[in-house]
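Q: Dock chain B with the ligands against the given chain A, drawing on the hints supplied.
Taken in sequence, the protein lines are chains A and B.
In case it helps, the numbering used here puts the first sequence at residues 1 to 368.
In case it helps, the numbering used here puts the second sequence at residues 1001 to 1368.
Just so you know, the hints here were simulated from the structure itself, not pulled from any lab data.
A portion of the hints provided could be inaccurate.
[What the hints assert, rightly or not] Below 30 Å or equal to it, Euclidean Cα-Cα: the simulated DSSO-like pairs (lysine-lysine) are:
#, chain 1, residue 1, chain 2, residue 2
1, A, K79, A, K98
2, A, K236, A, K182
3, B, K1098, A, K236
4, A, K151, B, K1098
5, A, K298, B, K1098
6, B, K1024, A, K236
7, B, K1151, A, K123
8, B, K1122, A, K298
9, B, K1122, A, K122
10, A, K122, B, K1186
11, B, K1098, A, K122
12, A, K98, B, K1151
13, B, K1236, A, K122
14, A, K186, B, K1122
15, B, K1363, B, K1024
16, B, K1236, A, K236
17, B, K1088, A, K123
18, A, K236, B, K1151
[Said to hold, decoys possible] Partial pick of chain B residues on the chain A-facing surface, computed with a CB cut under 7 Å:
#, residue
19, S1120
20, D1124
21, L1129
22, T1138
23, Y1142
24, G1158
25, Q1162
26, R1171
27, R1233
28, D1249
29, L1254
We treat Cβ as the ideally placed atom computed from N, Cα and C, and that holds for glycine.
2 protein chains.
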Amino acid sequence: MSNPSLLILPGDGIGPEVMAEVRKVIDWFGAKRDMAFDVSEDLVGGCAYDAHGTPLTDETMAKAQEVDAVLLGAVGGPKYDTLDFSVKPERGLLRLRKEMDLYANLRPAQCFDALADFSSLKKDVVAGLDIMIIRELTSGVYFGEPRGVFKEGNERVGINTQRYTESEIARVARSAFELARKRDNKVCSMEKANVMESGVLWRDVVQEIHDAEYPDVELSHMYADAGAMQLTRWPKQFDVIVTDNLFGDLLSDLAAMLTGSLGMLPSASLGAPMANGRPKALYEPVHGSAPDIAGTGKANPIACILSFAMALRYSFDKGDEATRLEDAVNAVLADGLRTADLLGEDGVQPVSTAEMGDAIVAKLDASL
Amino acid sequence: MSNPSLLILPGDGIGPEVMAEVRKVIDWFGAKRDMAFDVSEDLVGGCAYDAHGTPLTDETMAKAQEVDAVLLGAVGGPKYDTLDFSVKPERGLLRLRKEMDLYANLRPAQCFDALADFSSLKKDVVAGLDIMIIRELTSGVYFGEPRGVFKEGNERVGINTQRYTESEIARVARSAFELARKRDNKVCSMEKANVMESGVLWRDVVQEIHDAEYPDVELSHMYADAGAMQLTRWPKQFDVIVTDNLFGDLLSDLAAMLTGSLGMLPSASLGAPMANGRPKALYEPVHGSAPDIAGTGKANPIACILSFAMALRYSFDKGDEATRLEDAVNAVLADGLRTADLLGEDGVQPVSTAEMGDAIVAKLDASL
Ligand SMILES: [Mg+2]
Ligand SMILES: [Mg+2]
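The following block holds chain A by itself, in its conformation from the complex (with noise of 0.2 Å):
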């Protein structure tokens, strides 16, 4: 059998600094678990555009079509600011979000112990948490039709349209409960349908498939401006939280903000099922491509590492293994070690980009 395959896509800013991280992680993998990867490289985003005229070539998407898991760093930057909106940067992990048909987005949001103090909230409320939002990443309110500005007699009107399918909400749903089997059996729903006849058919529709198919799991549903307080309140209510693209998009970024440490989160984007029974995948750091800081060795490659965790687990089946590397990251910096972004704490020297890096790799030594 052929070693899996991966396509690392760096991208801009930090992107391609973080990566070279990652490869370490990868290649200890590969050397120290017995776990070898096929791993190509390629651009994508402004690096992509200055090489080739677009964000991303065809042939780009055609690998990113074939492998078992595509790993991408970070997108943009003020260079291609004033590029025309269909060759900007974003448009490149736009395609490949759309092309790979890739619904079901997974934020975890959680707190490292080390980095509590962090947040905004209270350590009590926020020290401990482990939840997981699943945003449904390719319809909704951002795709529907008709959209756009139009002229109403002597005025402007702007107009979306939120539209959801029968099967674009069970496909998401059946996400949200499979991923709740592996964790703590509770899945919340979010959507308006007390005012929205979109959230009565969401709502409908997650019911039927846990009725049917998920029984097991414990599913209760949650208006999404109620979810926004009690995700302010207390969040460790939760386990997983399923909800749509656009509630997703304010929740999880909300639920990121919780944890006070946007560098350490990882996310990963999934779809149906390939031929080798492996879901269409793409795993990426939260945080934005950080100009900025480029080649300064401030940044943070925890968020990218732990990327590579998650596709561990959920590309790869290799649930050990990514609770390995996620217990070295958290050994690092229980050990004290922080990356510039994660400075605050009175006396610390930040450790650069690579020490960081170094350091998880000598954890998952230690860890052997």
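A: Below, chain B with the ligands without anything else, positioned relative to chain A:
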């Protein structure tokens, strides 16, 4: 000149008992500040249904249109859960908002120093917090057509339409700029212009109104998901936030929860100026009818009393008297008086709804 007129609609659950305390305050301003109001009282919600078979009679609706301001308690309760959608208690409130065309929903999020510990956020993050969220209330995706659950092939599709006209955006933007001028002169407008054309129009129109009519006000724009993050991270960076109906629904509740005590928060819903120059106006607490504690003396009357303070400020141009009332509330809290919803500190005995109202009136006396 005749007295300004107030229509009081206590509603259901704890509505009547908190409104009874507001009546004490209204009477105090009549007796001690020479500010007599012509007060009439009527039914809304479940109690109106019980009496007349409708949650709001045409006669009450007509009265609401004629008075200078409407003050509402709360509506709803389990007794009415099985009623047809068209006569549910909430429909009475929605009819008021709709027929009075109350497009600007003012949702202050203020943290009282004495209550800062109730927040899930760190004390320094919320102590002294004083922001105002203005939510567009009569348009957007909760009202746009087409809407519904339709059959398409052999599956259901849920559809709602986000729709904003230029004039709808312009009028609520003006509300925000006017308000900012009386506060810290800063407005932050939130939308998702990066992915929604209705957001692009929102941003453009807010900027145009600013440049043409309010160039003295500091205006910034933020994506709504970043707004949710920033509200959680450091809410004091904001003064006035203006946003659409859906984003405002989530963000105003999120901001309310930052303060940690929903029982304290008032709201105003304002429409266009009437012939006398006063805006159409409805004032109500953010909390609900809390049927579980109705009649037990446990209800906190402060949110409803502070709603009357908003009426003094926004309908009757008595900002100084509004501040006097707010200061009285502050003083009572600083003395340690707590209704049952505000317990948590050791050894504090709760006061009743009426005792809280009396204490606030006593502080008003002391202010003279
Ligand atoms: Mg977002
Ligand atoms: Mg709400």
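Q: Does each hint hold? Answer for all of them.
A: A quick look at each hint next to the structure:
no.	hint	in the structure
1	A/K79 x A/K98	holds, 25 Å
2	A/K236 x A/K182	holds, 17 Å
3	B/K1098 x A/K236	violated, 38 Å
4	A/K151 x B/K1098	holds, 25 Å
5	A/K298 x B/K1098	violated, 53 Å
6	B/K1024 x A/K236	violated, 42 Å
7	B/K1151 x A/K123	violated, 49 Å
8	B/K1122 x A/K298	holds, 28 Å
9	B/K1122 x A/K122	holds, 5 Å
10	A/K122 x B/K1186	holds, 28 Å
11	B/K1098 x A/K122	violated, 40 Å
12	A/K98 x B/K1151	holds, 25 Å
13	B/K1236 x A/K122	holds, 17 Å
14	A/K186 x B/K1122	holds, 28 Å
15	B/K1363 x B/K1024	holds, 13 Å
16	B/K1236 x A/K236	holds, 25 Å
17	B/K1088 x A/K123	violated, 42 Å
18	A/K236 x B/K1151	violated, 38 Å
19	S1120	holds, 5 Å
20	D1124	violated, 9 Å
21	L1129	violated, 12 Å
22	T1138	violated, 13 Å
23	Y1142	holds, 5 Å
24	G1158	holds, 3 Å
25	Q1162	holds, 4 Å
26	R1171	violated, 12 Å
27	R1233	holds, 5 Å
28	D1249	holds, 5 Å
29	L1254	holds, 4 Å
In the structure shown, a violation is registered for the earlier hints numbered 3, 5, 6, 7, 11, 17, 18, 20, 21, 22, 26, in ascending order.
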